[in-house]
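Novice: The task is simple: from the sequences and hints, build the whole structure.
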Amino acid sequence: MNIFLKKIFTWSEVWPLAIAMIVYLLYKQKDRSINIIIWLLGISLVFHIFAVYISQYTYRVPEPFKNNNILYNLLMILKPLMVGAYLLRLKQLQQYKYLRIVFILFILFTLFNFLFLSSLFIFSTYMVLAESAFMLVFTLTFFLDAMIDDEIPLPLNHPAYYICAAFGILESINLFIFLFLFPVFYANKEFAVLSIKIAGIAYMIFGLTIAAGLYANRERRRFFQPVSQ
Amino acid sequence: MNNHLTLIVILGIVVMLGLMLSVLLAVFLNFRKKSQHRKALESLKEQQQNQLIEAAIRSEETERHRIAETLHDEVGAMLSSAKLHLLGIKQVSLDEKDKQLHEKGAGLLNQVIQKVRGISHNLHSNILKEFGLNEAIRHFLQQVTGGTMIKAETRLDKDYTASYSETDISLYRILQELINNTLKYAKATQLTVSSVLRDNQLSLTITHNGNGLSQSEFETYSFQKEGLGLKNIRNRILLLKGSILFSKTPGESSIQITLPVQPKPAAHA
Numbered sequence: 010m011n012i013f014l015k016k017i018f019t020w021s022e023v024w025p026l027a028i029a030m031i032v033y034l035l036y037k038q039k040d041r042s043i044n045i046i047i048w049l050l051g052i053s054l055v056f057h058i059f060a061v062y063i064s065q066y067t068y069r070v071p072e073p074f075k076n077n078n079i080l081y082n083l084l085m086i087l088k089p090l091m092v093g094a095y096l097l098r099l100k101q102l103q104q105y106k107y108l109r110i111v112f113i114l115f116i117l118f119t120l121f122n123f124l125f126l127s128s129l130f131i132f133s134t135y136m137v138l139a140e141s142a143f144m145l146v147f148t149l150t151f152f153l154d155a156m157i158d159d160e161i162p163l164p165l166n167h168p169a170y171y172i173c174a175a176f177g178i179l180e181s182i183n184l185f186i187f188l189f190l191f192p193v194f195y196a197n198k199e200f201a202v203l204s205i206k207i208a209g210i211a212y213m214i215f216g217l218t219i220a221a222g223l224y225a226n227r228e229r230r231r232f233f234q235p236v237s238q
Numbered sequence: 612m613n614n615h616l617t618l619i620v621i622l623g624i625v626v627m628l629g630l631m632l633s634v635l636l637a638v639f640l641n642f643r644k645k646s647q648h649r650k651a652l653e654s655l656k657e658q659q660q661n662q663l664i665e666a667a668i669r670s671e672e673t674e675r676h677r678i679a680e681t682l683h684d685e686v687g688a689m690l691s692s693a694k695l696h697l698l699g700i701k702q703v704s705l706d707e708k709d710k711q712l713h714e715k716g717a718g719l720l721n722q723v724i725q726k727v728r729g730i731s732h733n734l735h736s737n738i739l740k741e742f743g744l745n746e747a748i749r750h751f752l753q754q755v756t757g758g759t760m761i762k763a764e765t766r767l768d769k770d771y772t773a774s775y776s777e778t779d780i781s782l783y784r785i786l787q788e789l790i791n792n793t794l795k796y797a798k799a800t801q802l803t804v805s806s807v808l809r810d811n812q813l814s815l816t817i818t819h820n821g822n823g824l825s826q827s828e829f830e831t832y833s834f835q836k837e838g839l840g841l842k843n844i845r846n847r848i849l850l851l852k853g854s855i856l857f858s859k860t861p862g863e864s865s866i867q868i869t870l871p872v873q874p875k876p877a878a879h880a
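Chains as they are written, first to last, in the working numbering: chain P, 10 to 238; chain D, 612 to 880.
All clues given are correct.
Only some residues are given here: those of chain P computed to face chain D with a beta carbon under 10 Å:
(1) L149
(2) F152
(3) M156
(4) D159
(5) S181
(6) I182
(7) V193
(8) S204
(9) A211
Heads up, simulated DSS-like pairs for lysine-lysine below, C-alpha to C-alpha not over 30 Å straight-line:
(10) D/K650 - P/K100
(11) D/K645 - P/K39
(12) P/K106 - D/K644
(13) D/K644 - P/K39
(14) D/K852 - D/K644
(15) D/K656 - P/K100
(16) D/K650 - P/K39
(17) P/K106 - D/K645
(18) D/K645 - P/K100
(19) P/K100 - D/K644
(20) D/K726 - D/K701
Derived by calculation from the structure, the hints in this document are not laboratory data.
Even for Gly, the Cβ is constructed at its ideal location relative to N, Cα and C.
Specialist: The following block contains the structure:
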């Protein structure tokens, strides 16, 4: 495969997020409630940079930092918490009390999982399942509400639609890939490599959709503003 | 076992992604449907509102016409008859004091007849009907500024010779209201009414040296209960699908009305 394409796929968890962050840095946002998502993007970008660097250049990394599983586990905790906090604050989802219960259940499960079932230093498939289930419940509730609500409280260009679409697509692709990643890796290595590439494509769609959402939510440029006549 | 696991993963991805994409598509189509429905509803509301305004304006015009006719044909005729009777009194038989009273009465009666005729013409302009908008504007200006210190001028586009229509009546009413307001509140001493017809758009401008309204003041007053005249202007402009723009600078104020007009039908040979 072309070296450039290979690099694109290797760093597919990083550059789409970087594009989204560049869009944020270029354009001031209209809806300020999105800041929590920006924090999540920033943290995810840093974690993914370290995670990919550790996986690609393991020999350069000091021994205590060679394990990148902790980064993925932390991201699996942070993503639902921050996206959940963002969506729960939207007027559209405030009426669904069960989402708060799901939110609390997720926190309880996370504590239970890392206290009794899994280690924070080993990639947790339980967390993959919990994260995907949580994100799918939240994003699908958001979309179903948009369909049944006659009033449409949020316009279609609201960033919440992009955020939900981005996370919905990412989780629906990655759920089965990461749930069976290790068994597939031992059973069919070629397919495991292909799965990782598909996950990379999912990350590209995710980052670019978030970037589009941030662009749609732009208020004005932060720099190089056109001079009005 | 290998194939089984691979199949589960592939199927899992396809089903989950299919589900998510179906939801996204359904949301998009649903939004489009709702948006179309909302647009149709808004259009219907606008149509209903226009019909209401039109009905209100029509009934106002009918009422004006009725009052104008009554004033002209009945009150005017009675006053003329009263004048004839008054003039029929033989002055020879009157003493000096009665003569003075007779003259004063005749003078007052003349003024009342003139006033009634003026009001009647204002309510229903025959000039507008017979000679068109330009002539009606000139006549109206002459009527309201004649005998005052106000210097009025008209620069009206000769190309606008549209026949007596709803647009002309509304435009004339708007102009009457605006000029009356200008004379009443703006304390203007110079007033110019000009019009330009271009690309089926008639632009009518009133310029004066008084203290006129700004656009925001017009918007505010026209939504207040008391601003009935301005509200009527807004409704008529809305109905004519035109626009009105108020602007003022120290020493000069202007009101520009722009509206689409029907081209004059070609004359038959």
